[in-house]
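Undergrad: If you read the protein sequences in the order shown, they are chains A and B.
The first sequence maps to residues 21 to 314 in the working numbering.
The second sequence maps to residues 58 to 402 in the working numbering.
Quick caveat, the hints were computed from the structure, so don't treat them as lab data.
Heads up, the beta-carbon is just placed ideally off N, CA and C, and yes, glycines get one too.
Hints should not be assumed to be uniformly reliable.
[What the hints assert, rightly or not] Partial list, computed: chain A residues near chain B (C-beta under 10 Å):
hint : residue
1    : V89
2    : D142
3    : R210
4    : G239
5    : L265
6    : F270
[Unchecked claim] Computed beta-carbon distance windows for the label pairs:
hint : chain 1 : residue 1 : chain 2 : residue 2 : range
7    : A       : P276      : B       : E146      : 22 to 32 Å
8    : B       : T239      : A       : A60       : 24 to 34 Å
9    : B       : P192      : A       : S259      : 50 to 60 Å
10   : B       : L110      : A       : F253      : 36 to 46 Å
The residues making up each chain are set out below.
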Amino acid sequence: MPENAAVHAVHHVPPIALRRRVVDHMMTGACVLTVAVVLAPLFAIFAYLVYRGIGSINWAFLTQTPRPVGESGGGMANAIVGSGLILAIASLIGVPLGIGAGIYLAEFGRNRFGDVIRFTADVLNGVPSIVVGIVAYAIVVLSQHHFSALAGGVALAIMMIPTITRTTEEMLLLVPRALREAAYGLGIPRWRTTLSITLRTATSGVITGVMLAFARVAGETAPLLFTAFGNQFWNLRVSQPTAALPLQIFSYAISPYDEWHRQAWAGALVLIVLIVSAVAAVRIAVRHGTFGAA
Amino acid sequence: MADPALQRPDMPFSQPAESGTVSGAGPVAVPALVSLRGSGETSDRIFKLAMVLCGAAVLGTLLLIVYELVLRSGPSWHAFGFKFFGASEWDPVNEKFGALPFIYGTLVSSLLALLIAVPLSIGVAVFTTEMCPIPLRGSLSFFVELLAAIPSVVYGLWAIFVLVPILSNYVEPFLAKVLGWTGFFDGPPYGISMLAAGIILAIMIIPIISSITREVLMVVPRHQREAALALGATRWEMIRVGVLRNARAGIVGGIILGLGRALGETMAVTMVIGNRPEIAKSLFAPGYTMASVLANEFTEATGDVYLSALIEIGLALFIVTIIVNALARLLVWSVTRGQAVGTHA
Numbered sequence: 021m022p023e024n025a026a027v028h029a030v031h032h033v034p035p036i037a038l039r040r041r042v043v044d045h046m047m048t049g050a051c052v053l054t055v056a057v058v059l060a061p062l063f064a065i066f067a068y069l070v071y072r073g074i075g076s077i078n079w080a081f082l083t084q085t086p087r088p089v090g091e092s093g094g095g096m097a098n099a100i101v102g103s104g105l106i107l108a109i110a111s112l113i114g115v116p117l118g119i120g121a122g123i124y125l126a127e128f129g130r131n132r133f134g135d136v137i138r139f140t141a142d143v144l145n146g147v148p149s150i151v152v153g154i155v156a157y158a159i160v161v162l163s164q165h166h167f168s169a170l171a172g173g174v175a176l177a178i179m180m181i182p183t184i185t186r187t188t189e190e191m192l193l194l195v196p197r198a199l200r201e202a203a204y205g206l207g208i209p210r211w212r213t214t215l216s217i218t219l220r221t222a223t224s225g226v227i228t229g230v231m232l233a234f235a236r237v238a239g240e241t242a243p244l245l246f247t248a249f250g251n252q253f254w255n256l257r258v259s260q261p262t263a264a265l266p267l268q269i270f271s272y273a274i275s276p277y278d279e280w281h282r283q284a285w286a287g288a289l290v291l292i293v294l295i296v297s298a299v300a301a302v303r304i305a306v307r308h309g310t311f312g313a314a
Numbered sequence: 058m059a060d061p062a063l064q065r066p067d068m069p070f071s072q073p074a075e076s077g078t079v080s081g082a083g084p085v086a087v088p089a090l091v092s093l094r095g096s097g098e099t100s101d102r103i104f105k106l107a108m109v110l111c112g113a114a115v116l117g118t119l120l121l122i123v124y125e126l127v128l129r130s131g132p133s134w135h136a137f138g139f140k141f142f143g144a145s146e147w148d149p150v151n152e153k154f155g156a157l158p159f160i161y162g163t164l165v166s167s168l169l170a171l172l173i174a175v176p177l178s179i180g181v182a183v184f185t186t187e188m189c190p191i192p193l194r195g196s197l198s199f200f201v202e203l204l205a206a207i208p209s210v211v212y213g214l215w216a217i218f219v220l221v222p223i224l225s226n227y228v229e230p231f232l233a234k235v236l237g238w239t240g241f242f243d244g245p246p247y248g249i250s251m252l253a254a255g256i257i258l259a260i261m262i263i264p265i266i267s268s269i270t271r272e273v274l275m276v277v278p279r280h281q282r283e284a285a286l287a288l289g290a291t292r293w294e295m296i297r298v299g300v301l302r303n304a305r306a307g308i309v310g311g312i313i314l315g316l317g318r319a320l321g322e323t324m325a326v327t328m329v330i331g332n333r334p335e336i337a338k339s340l341f342a343p344g345y346t347m348a349s350v351l352a353n354e355f356t357e358a359t360g361d362v363y364l365s366a367l368i369e370i371g372l373a374l375f376i377v378t379i380i381v382n383a384l385a386r387l388l389v390w391s392v393t394r395g396q397a398v399g400t401h402a
């Protein structure tokens, strides 16, 4: 509608309009150009990932541990499992705390302290990931005296909490007040109402927040450098240094060996497939979920 | 966009009702009923306490971060004081530490990234909200947000093997020929450089700036656009006068938020900036950033002073990003006040 009106108006304006019309077209062209320039690296990155990665992914890559320099073959199985371990620890700590804090903000947080928590969560969201790594190092690694999967999990949990907290709060606030009142009217205690009615109604929205936080930390490297540290061998113990996919990609990418470069691309492809499928699953869940309107 | 507009008229009615009769009757009457059965009140109190503790944990985490950083940067602070941020010597062997090259590298790479990213992000946001055919809108913003989902280390990998060769073979020789006289594009075109770091950072912060800008543009009232068009403005004039001018503060907020991300970004920069603690005028020269020096040297730091000097760099980075982020939130909030913006990323 507005576009038609604009074109229409231009036709009736005296000669000066030509310059204005040219400027209008030029700016439109410029905006289209910016879109092309922004999307170009996106497609370039994905194309390169697939091109370099797909040839390197094979059964060995997914099932074996790294070989020493000079030997070809081997894989990143320990790093994939290690990433899973670290992310599981992070989720175990971060998800309950984040959802709890979100419930606090939505249900009890209409006060000064609530505002402080809200601002704190936003601030925490902006803390550089490498700084989070330092703190996890200071808290966990220094007290345990060595690098561990637990330290990596703590670092990633700190990064997950603010996202989960804020989305949980927003989703709970979208649940109509009448639902809570209906529950109170039936004599259901407040805690039961919050958990079984409010949180239940907002489930898909809360899961969205959790998945977004998960996708965000799944690719994080910086906070793992001096917490999980990396490992060339299998490790499933929480208190030991553990390999992680992003760490392995990093150390292979900056190495001088072609074979390792090849594996870095394969690892990156695996990582991005995991993350993109998490994000896509979230979008589909939100679209088809009970809470689609949010 | 239609939903909030539809809901807003209800607000004046529903809100007094909430704080007045309905909820007043609910929480007062129901617990009384429930407590007759003996279970409600205690468990409610325990539940509330648990939730308050979760909330307090968020605050506690931030305080813990501050405490650890301040405590552990102590030795370096005592040894160098304020001179730490003005000295440019970084000599672990003789335990002489100055953070200036890293501060310089962080600032220059981030500003370079903003210089590239800001016009592109605003262009994309304007195109998505004002020009793009409506069916395309969703997928376009999905693609741009996909850029935000790519991990930093994958950007770094791509930059090492694709971006850097392009820079050293084509872009840098070209820039040297055309703009070499300025002194900013001088020296051997190795590719690994401040310029590469700035470009990869720009690609990484474009989704942040453009999604905030898009949200801010979408809350500019429709009648602002219609008024401009009614006065005979072309579409671009309408965007400039009716939309961008109204959204200025929010766009600046988005830009600062992007800056906050660029300042703290670690992996991709570490992989392409060259990691040499020197201050060079040319953008072709390698540099070093605060985040990169932490990534590279933290695990190898021997001695208390070395480690605490690194942690002090972390503390400085933390303080700067907090200030930058708080400023950005205030600006975005001043434009989108009362609207649910940023609900879904």
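Undergrad: All hints are to be evaluated individually against the structure, with a verdict given for each.
TA: We went through each hint and held it up to the structure:
no.: 1; hint: V89; result: 19 Å, violated
no.: 2; hint: D142; result: 6 Å, holds
no.: 3; hint: R210; result: 5 Å, holds
no.: 4; hint: G239; result: 2 Å, holds
no.: 5; hint: L265; result: 9 Å, holds
no.: 6; hint: F270; result: 5 Å, holds
no.: 7; hint: A:P276 / B:E146: 22 to 32 Å; result: 30 Å, holds
no.: 8; hint: B:T239 / A:A60: 24 to 34 Å; result: 27 Å, holds
no.: 9; hint: B:P192 / A:S259: 50 to 60 Å; result: 53 Å, holds
no.: 10; hint: B:L110 / A:F253: 36 to 46 Å; result: 39 Å, holds
The structure fails to meet hint 1 from the earlier list, while all remaining hints are met.
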